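Engineer: Chain by chain, the residues run as shown.
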Amino acid sequence: MKITTAITKGVLIVKVIGEFDMHGADCFREAVDEYLNNMGIKDVIIDLEEVQFIDSSGIGVILGRYKKIMHLKGKICLVGVQDPVKKLLELSGVLKILNIYDSEIEAVSCL
Amino acid sequence: MQIKNQVKISLQSLSENIGIARLVAATFSAQAEFTLNEVEEIKVAISEAVSNAVIHAYEKSDEIVELIFNLYIDKVEYIIIDHGKGIADIVEARKPSYSSDPERMGLGFAFMESFMDELEISSELGKGTTVRLVKKISNHDIH
Numbered sequence: 069m070k071i072t073t074a075i076t077k078g079v080l081i082v083k084v085i086g087e088f089d090m091h092g093a094d095c096f097r098e099a100v101d102e103y104l105n106n107m108g109i110k111d112v113i114i115d116l117e118e119v120q121f122i123d124s125s126g127i128g129v130i131l132g133r134y135k136k137i138m139h140l141k142g143k144i145c146l147v148g149v150q151d152p153v154k155k156l157l158e159l160s161g162v163l164k165i166l167n168i169y170d171s172e173i174e175a176v177s178c179l
Numbered sequence: 674m675q676i677k678n679q680v681k682i683s684l685q686s687l688s689e690n691i692g693i694a695r696l697v698a699a700t701f702s703a704q705a706e707f708t709l710n711e712v713e714e715i716k717v718a719i720s721e722a723v724s725n726a727v728i729h730a731y732e733k734s735d736e737i738v739e740l741i742f743n744l745y746i747d748k749v750e751y752i753i754i755d756h757g758k759g760i761a762d763i764v765e766a767r768k769p770s771y772s773s774d775p776e777r778m779g780l781g782f783a784f785m786e787s788f789m790d791e792l793e794i795s796s797e798l799g800k801g802t803t804v805r806l807v808k809k810i811s812n813h814d815i816h
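If you're matching them up, the sequences are chains A and B in order. Here the first sequence stands for residues 69 to 179, where the numbers follow the working numbering. Here the second sequence stands for residues 674 to 816, where the numbers follow the working numbering.
If you are wondering where the hints come from, they were derived from the structure by calculation, not from laboratory data. Quick caveat: nothing in here was measured; it's all calculated off a predicted structure. Yeah, the Cβ is synthetic: ideal placement off N, Cα and C, and Gly gets one too. Do not rely on the hints blindly, as some may be mistaken.
Quick partial rundown of chain B residues pointing at chain A, CB under 8 Å, derived from the structure [claimed, not checked]:
| id | residue |
| --- | --- |
| 1 | Ser-688 |
| 2 | Leu-780 |
| 3 | Gly-781 |
Chain A with its partners taken away, still in its complex shape (with noise of 0.2 Å):
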């Protein structure tokens, strides 16, 4: 799995590539968790157009940054979000309290 990370106005996207396990998991704290600890980015959309599959580690993390953000009193969005992927958030209940938008330009006007 590989990440990348961006800023638009003020908003950090992360564009998750790959396999989303545990494995992917670990990299994927690290990195958000350094903009939101260390340079003061309070708003995050999640890109996970190029995600074919993910788990239960994978939904525990976006968790764990969900629960982080809203004590930063940030947002954060899912966008992109393939089949798949989208019948796994849904059976954790992950889309009850995020949203997912079509494209990052919609998020982050959203948000």
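Chain B: place on chain A using the hints.
Structural biologist: For chain B alone, kept in the frame of chain A given last:
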């Protein structure tokens, strides 16, 4: 019932190997008439079982997780074995939201249960845990 094919592999208990376990499970499952959706479900269940072994069973990464996959005419059986610390209370561990780590959702066994037709867990403290998962083949034609 007669086994039509079997694969046994041993993996070092590293998170890098969870993807390998999924890949082997998906490839092995391709011999059965599973739909793409069913193969995706199998991958999630295997990922959860092997992740549990890597996260919870061992404190060191140089231990071994064993996988045995058995193909039968009407089902595929996936057995995941670790020789780690074991689960103190299996009933409690199977409950959704049970987790020893706040970053984890405790959904591992819930996903395994949702996506597979059978889930059996046997565990002994200090000896290890064996998880047996079964996915039934609705169309019995084997390639």
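Engineer: All hints, please: hold or fail.
Structural biologist: Hints versus structure:
1. Ser-688: Cβ of Ser-688(B) sits 4 Å from chain A, so the hint holds.
2. Leu-780: holds, 4 Å
3. Gly-781: holds, 5 Å
In this structure, every one of the numbered hints holds.
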